[in-house]
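Chemist: Chains as they are written, first to last, in my numbering: chain A, 218 to 523; chain B, 692 to 1030.
One or more hints might be untrue.
Here are some, though not all, of the chain B residues that point toward chain A, as calculated from beta-carbon distances under 8 Å [said to hold, decoys possible]:
#, residue
1, S735
2, D741
3, V807
4, G810
5, G811
6, L812
7, V840
8, I843
9, I854
10, A1000
11, V1020
12, L1024
Just so you know, the hints here were simulated from the structure itself, not pulled from any lab data. Yeah, the Cβ is synthetic: ideal placement off N, Cα and C, and Gly gets one too.
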Amino acid sequence: MVTTNPVPDISAVRAVTTTIKDTPAYTIFRVVNAVVLVTICFVTLYPFVNLVAKAFSSQGYILAGEVNLWPRGFNLTTFDWVFHDERFWTNYGNTVVYTVVATAISMVITTTFAYALSKRHLKGRAFFVGMLVVTMFFNGGLIPNYLLISELGWKNTIWAIVVPNAISAFNLLVMKSFFENFPAELEEAAAIDGLTTYGIFLRVVLPLSKAVVATMILFYAVSFWNSWFPAFLYLSDPDLQPVTLYLRNLLAAASGAGQESGMEAVQIGANLQAVAMLLTVIPIIAIYPFVQKYFVTGVMLGSVKG
Amino acid sequence: MARGTPSPPEAEVAPGDEPAAQPVVAQPVTARAGQRPDGRSTWSLALRRDWRLYTFLLVPVLWLVIFRYVPMLGNVIAFRRFRPGGSVFGDEWVGLRYVQMFLEDPTFWRVFTNTVILGGLTLLVVFPLPILLALMLNELRSRRFKKAVQTITYLPHFMSVVIVVGFVFQLTSLNGTVNQVLESLGLEPVAFVQRAEWFRTIYVSSEVWQTVGFGTILYLAALTTIDDQLYEAARIDGANRWQQTWHITLPGMRPTIVVLLILNIGTFLAVGFEKVLLMYNPLTYSTADVISTYLYRVGLTSGSFSYAAAIGLFEALIGLVLVLSANAVSKRLVGASLW
């Protein structure tokens, strides 16, 4: 391709270089690349598709290994069974409560801590930041934490779930760096108007930080929604357990790993598992397309400058 | 996670390195009432001026002390005899007895080896894939297609580990899809979850499924910072796409790659405890049991709290040394560090 311009200015060069025909090899590469990416998407989505198919299939077809992409022997009896299983809904409700309460506690602690730490003139700031950063690299470990919660008498209480994991040091540092870049003029103007630190924080800083606050809420909410291990450790009362633990007990019963769940392995059909899993992931999948960009922003905020 | 070292200069200027050229009036904005001429303030002045800010610190610091620092101190039970119902910090000193115990425990060394192998395999397989995927996404011309692939591949990241393990069980069960594929190829079905020799493959595959898509975010961000003029210049010089990738794209991603690699090396022993705990069973202990699951059984199933705490402390210390050395290397090589 030759340009007819005697003096190739930059836009002409650009036009030429971007319209150069692909070599045959590159065309082949592009096709292969697209095919591979589509395959990757298929593999990523397949477990979900398979899950839906199994949830709506009858037990016989599943056990015969004939359910892959779509339901066989369409059947809703398992849904009916789960919908009438009080334990499932109690546990589902617990998950909602734990997620809301834990996220609220996390946000109060994270925003106030991050705001105070973002003030460079605050005496002792380095010490408090250090105190936080140390916990990212060294933690007490399973046993001391377990003994602490037991000692506090928090076993079989909501506090064991919502308090000990309230702060994610990573989220906190993201929040802190966001507040550090908050325009100081706005805060100064508010101070001149007679607002105290509390007023500035609640009525100026937070309302103007909605995007990052939303991102943090999502990060925390998803992690609490998905959490199961603290509940497994501290909540032996089935009526207090979150739905992830209900699921875990189903899986354990099916694989024969846990006898403590008290469920007959025989009755734990593959589609009971599928139905319970499906109902657990639905809220996340439902909100995911709308909030995805916040997660990406959150990761970027954390990486560009922590 | 990665942060550039040269942090923006603090508003406060340390006494001693006050540059001679700096005019005295240069810091009226930062100079606040109550500051001594050297820019420092005393605690009483700081408290009087910022007491409201300090009240913000009360709850978080109290929380840190109770839920992070008390458990750290709680590790002393690794060196003390712990009696159920007695003090959380143990009753009497027993020195290094529990340390010696695990050093002489063959099971400990088996789980230690398993941890290194599982962590190493995960690092080896999972680390390069997001780079590859990011490069592949970068070659796409349709923004829509690219966006769709990103949206789909990020999704597994948000799934609970319980759900992921549920998927693993469903797909690898005797009537699951994997075995159906094997059967259609004329192979014998395999009870994957009960076979120790398959555990690592299954574990690493599930990690790939869950983490590779989301792992591209930072690389894709790095790609957007590469100057288009570099590609133009290369095209004018006659570079084909492959040469452009090799000489422009990859070097542009290198700092990100190096930082993430070093961070991953620093944390590679922290294999997914929760996932292993959900996935393994006594039949697969020989390959699946890792340090954290072993200490979980020793401590919480058998009640040997002190012994388990000793193992936990050992693991935490190795982790700390790895992270610190990785960070030091990172600082040296690419000038990026965690703090």
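Chemist: If a hint holds in the structure, say so; if it doesn't, say that too.
Modeler: Quick rundown of the hints versus the structure:
1. S735: 10 Å, violated
2. D741: 6 Å, holds
3. V807: Since the shortest Cβ distance to chain A is 19 Å, the answer is violated.
4. G810: B/G810 check fails; min Cβ-Cβ to chain A is 17 Å, beyond 8 Å.
5. G811: 21 Å, violated
6. L812: 20 Å, violated
7. V840: 5 Å, holds
8. I843: This hint holds: B/I843 lies near chain A, its Cβ roughly 5 Å from the closest one there, short of 8 Å.
9. I854: 6 Å, holds
10. A1000: 4 Å, holds
11. V1020: 15 Å, violated
12. L1024: This interface hint is violated because 18 Å lies over the 8 Å limit.
In summary, the numbered hints that this structure violates are 1, 3, 4, 5, 6, 11, 12.
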